[in-house]
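J.: So the protein sequences, as listed, match chains A and B.
Yeah, the first sequence ends on 439 if you go by the working numbering, and it's all consecutive.
Yeah, the second sequence ends on 246 if you go by the working numbering, and it's all consecutive.
Hints were generated in silico from the structure; no laboratory data involved.
Here the structure is a predicted model, which is why all the values come from computation and not from measurement.
Since no wrong hints were added, every one of them can be taken at face value.
Covered by chain A, per the in silico footprint, the following chain B stretches (three or more residues, Cβ under 8 angstroms):
no., segment
1, 36-45
2, 70-80
In silico contact screen, one side only, chain B against chain A (beta carbon under 10 angstroms); selected entries:
no., residue
3, T11
4, V49
5, V53
6, Y56
7, N57
8, M63
9, V64
10, Q65
11, A67
12, D84
13, V87
14, E103
15, H106
16, A109
17, R110
Yeah, the Cβ is synthetic: ideal placement off N, Cα and C, and Gly gets one too.
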Amino acid sequence: MKLLMKGNEAIGEGAVRAGCRYFFGYPITPQSELPHYLAWRLPEVGGVFLQAESELAAINMVYGAAAAGVRVMTSSSGPGISLMQEGISFLAGAELPAVIVNVGRGGPGLGNIAPAQSDYFQATRGGGHGDYHVIVLAPASVPEILTLMQDAFDLADNYRNPVMVLADGVLGQIMEPVVLEDSCPATIPAKPWATTGSEGRTQNIINSLYIVPQELENHCLKLAAKYESIAEDHTRWESYETGDADLVVVAYGTAARIAKAAVNAARRRGIRAGLVRPISLWPFPSRALQKMARRASAFLVVEMSLGQMVEDVKSALAGARPVHFYGRTGGMLPEAREILHRLELLQEGVNSYAKELWPTASADQ
Amino acid sequence: MPKNFGRPQALTSNPFHYCPGCSHGIVHRLVAEVIDELGIKGRTVGIASVGCSVFSYNYFDLDMVQAAHGRAPAVATGLKRALPDRMVFTYQGDGDLAAIGTAETVHAAARGENITVIFINNANFGMTGGQMAPTTLLGQVTTTTPEGRNAAANGYPLRVCEMLATLEGVAFLSRVTVHKPAMVVRAKAAIKKAIQAQLAGAGFSLVEVLAACPTNWGQTPAGALRWLEENMLPAYPVGEFRSWEAC
Numbered sequence: 075m076k077l078l079m080k081g082n083e084a085i086g087e088g089a090v091r092a093g094c095r096y097f098f099g100y101p102i103t104p105q106s107e108l109p110h111y112l113a114w115r116l117p118e119v120g121g122v123f124l125q126a127e128s129e130l131a132a133i134n135m136v137y138g139a140a141a142a143g144v145r146v147m148t149s150s151s152g153p154g155i156s157l158m159q160e161g162i163s164f165l166a167g168a169e170l171p172a173v174i175v176n177v178g179r180g181g182p183g184l185g186n187i188a189p190a191q192s193d194y195f196q197a198t199r200g201g202g203h204g205d206y207h208v209i210v211l212a213p214a215s216v217p218e219i220l221t222l223m224q225d226a227f228d229l230a231d232n233y234r235n236p237v238m239v240l241a242d243g244v245l246g247q248i249m250e251p252v253v254l255e256d257s258c259p260a261t262i263p264a265k266p267w268a269t270t271g272s273e274g275r276t277q278n279i280i281n282s283l284y285i286v287p288q289e290l291e292n293h294c295l296k297l298a299a300k301y302e303s304i305a306e307d308h309t310r311w312e313s314y315e316t317g318d319a320d321l322v323v324v325a326y327g328t329a330a331r332i333a334k335a336a337v338n339a340a341r342r343r344g345i346r347a348g349l350v351r352p353i354s355l356w357p358f359p360s361r362a363l364q365k366m367a368r369r370a371s372a373f374l375v376v377e378m379s380l381g382q383m384v385e386d387v388k389s390a391l392a393g394a395r396p397v398h399f400y401g402r403t404g405g406m407l408p409e410a411r412e413i414l415h416r417l418e419l420l421q422e423g424v425n426s427y428a429k430e431l432w433p434t435a436s437a438d439q
Numbered sequence: 000m001p002k003n004f005g006r007p008q009a010l011t012s013n014p015f016h017y018c019p020g021c022s023h024g025i026v027h028r029l030v031a032e033v034i035d036e037l038g039i040k041g042r043t044v045g046i047a048s049v050g051c052s053v054f055s056y057n058y059f060d061l062d063m064v065q066a067a068h069g070r071a072p073a074v075a076t077g078l079k080r081a082l083p084d085r086m087v088f089t090y091q092g093d094g095d096l097a098a099i100g101t102a103e104t105v106h107a108a109a110r111g112e113n114i115t116v117i118f119i120n121n122a123n124f125g126m127t128g129g130q131m132a133p134t135t136l137l138g139q140v141t142t143t144t145p146e147g148r149n150a151a152a153n154g155y156p157l158r159v160c161e162m163l164a165t166l167e168g169v170a171f172l173s174r175v176t177v178h179k180p181a182m183v184v185r186a187k188a189a190i191k192k193a194i195q196a197q198l199a200g201a202g203f204s205l206v207e208v209l210a211a212c213p214t215n216w217g218q219t220p221a222g223a224l225r226w227l228e229e230n231m232l233p234a235y236p237v238g239e240f241r242s243w244e245a246c
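With these hints in hand, go ahead and build the complete structure from the sequences.
T.: Structure representation (C-alpha cells):
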C-alpha cells in the first residue's frame with residue numbers, strides 16, 4: 075500500500091510493525107502527531123498507550139515495561155529528553171532494551187519548537203550520568219524512519235541496550251510517500267532475564283546498583299565490551315558521490331538532505347564533491363571517514379547546530395585533513411547555496427579556517 | 000515436635016542488613032507471609048526503591064526490579080500494564096515516596112493503577128544519614144533540622160494517606176504501625192487486604208507503615224518504639240482511609 079505519511083506518524087507505524095505494543099509519553103512539540111497516532115493505533119493492535127504525568131514518569135514506565143520483557147518506547151523533544159536522562163542511564167545500567175525517540179527542537183532551555191540538531195552531544199555521549207552509551211540512529215527521510223524503527227527495536231533487544239532515534243522537527247512534520255508492505259508479526263527474541271514472576275525458576279533481578287567498586291568496574295567493562303561489539307557490527311552510513319571526491323561534506327538527517335542538493339550543484343560546476351551521511355551517530359563511522367581522507371583533500375561538516383558532530387569528524391581524522399564547519403542553529407536551516415559557496419571557496423584553494431567560513435547574521439542579511 | 004514457625008518462602012535466606020530495632024525486617028516478613036498465604040510467589044514482581052530498603056531484592060525471593068529514586072510507582076505502572084495478571088508491589092520509604100516521588104505516587108493513585116504500595120514512614124531519610132523527610136514531625140531533630148523542624152522554615156509534615164484519600168482511583172488505603180505485637184498482626188491484615196484488592200482488580204492500594212528508626216532517632220530499639228507511640232501516633236493516626244472488602 076502506497077501512501078503519503080508524516081514523519082511523526084511513520085515513527086509510530088514503524089514501531090507497531092516492529093512489534094512495539096507499549097508507549098508511555100508526555101506531550102511536547104514538535105512530536106505531537108506521534109502520540110496522537112499511537113493513541114488509536116496501539117489499542118487497535120491490543121497494545122497500551124499511556125499519557126504519563128511527566129517525562130520522568132514516562133521513562134520509568136518504559137523501564138518497568140522493558141523489565142517485563144515487552145517491546146516499549148517513548149518519545150519527546152529536547153527539554154523532555156533532558157528530563158529522561160536519569161531513566162536512560164538506569165536503562166543502560168540495568169541493560170534493558172527500549173527505544174527513545176527525540177524529535178529535536180531548538181535549545182538551550184525552552185529554546186523553541188523549530189527543527190534543530192543541537193542535542194547531538196547529549197545523544198551520542200550517553201546523556202546521563204555514568205559510563206555508558208546509547209545506540210543513536212538518525213533517519214533522513216520518512217521511508218527511512220520506517221526501516222530504522224525496526225532496526226532500533228532489534229538492536230535494543232539483541233544488545234539489551236537503549237536505542238535513541240534522533241530526528242528533528244523537519245523530519246517529524248514532513249510528508250513523503252511510503253510503501254507499507256503487509257507486515258508479518260515481528261520476531262521478538264526470548265527474554266529469559268525478564269521479571270515476569272519467578273514461577274518454575276529462580277528469581278530474576280533487574281538492577282543497576284553494584285555497591286562494591288570492583289563489581290561496578292567489572293559491570294562497566296562488560297558494557298564496554300558490548301559497545302565495542304556494537305561498533306564493530308552496526309556502524310552505518312551512506313556515501314554519496316564519494317568515489318572520486320576531493321571535497322567531502324559530512325551531514326546527517328535533514329542537514330544531509332540539504333547538503334546533497336549542494337553536492338549535486340557543486341558537481342554541475344565541476345567540483346568533485348561527495349557526501350557522507352552518518353546513519354548511526356553512535357557508533358560513529360570514523361573508519362569510513364579515515365578511508366575517504368586518502369583521496370579527499372578537505373572535509374566540510376554541515377549541521378543544524380553550532381558544531382557538535384564536527385568534533386567527531388575532527389577526532390576521526392586526527393588532523394590528517396582540514397575539517398571546516400558550516401551550521402545554523404536555533405531552528406534555522408543551513409542553505410544549499412551557502413554550502414555550495416563554501417565548497418567553491420575550498421575548490422579555489424581558499425583554505426581558510428573554520429571561523430572564516432562561520433555564518434554571521436550580517437552575512438545573511 | 001513440629002516446627003510451626005519458619006522463614007517465609009517469599010524471603011531468601013540472606014540475613015537482613017538493617018540496624019537493630021529497625022522495622023524494615025518486620026515489614027519485609029509480613030509482605031512475604033501474605034504472598035505465601037495467597038500462593039502468588041511465582042507470579043509476583045516487586046519494585047525496590049532507593050533508601051534503606053534498596054537491597055530488598057536480596058531479601059525477597061521474588062522477581063524484583065530496582066527503581067530510580069521516587070519512580071517506583073511509574074516502574075510498577077509500566078510493568079503492570081505489560082503483565083496485568085501478575086501481582087506488582089512497590090516497597091518505598093518516606094523520602095522516596097513523599098518527597099522526590101510525590102508526583103508518581105499521586106498520579107498512579109489518581110489513575111487507579113492496579114498496583115500495591117508498601118510505604119514505610121519513619122519520619123526521616125534513613126540511608127543518607129537521618130535528614131528531614133516530608134514526614135518529619137514539627138520539632139523533630141534531624142541532621143538537617145538541628146534545632147528541630149520549624150514550620151516557618153521547613154513547612155509542615157505531609158500526611159500521605161489523608162492526601163490520597165481524596166482520589167477516586169484509590170481502592171484501599173490504610174495506615175498501620177508495627178511497634179507492638181498486636182499492631183503487627185493488624186498491619187499484616189492490612190497488607191493482605193491491599194494485595195487482595197489488587198488481585199481483584201479494584202485499583203490502587205497503599206499501606207502506610209509507621210516504622211522505627213532507632214539509629215537516626217538517637218534512640219535504643221526499645222526507646223524508639225516508645226518514641227513512635229508517643230510522637231508519631233498522634234500525628235499519624237492509624238486506620239483505614241479507604242476501605243475495601245472482598246465480596
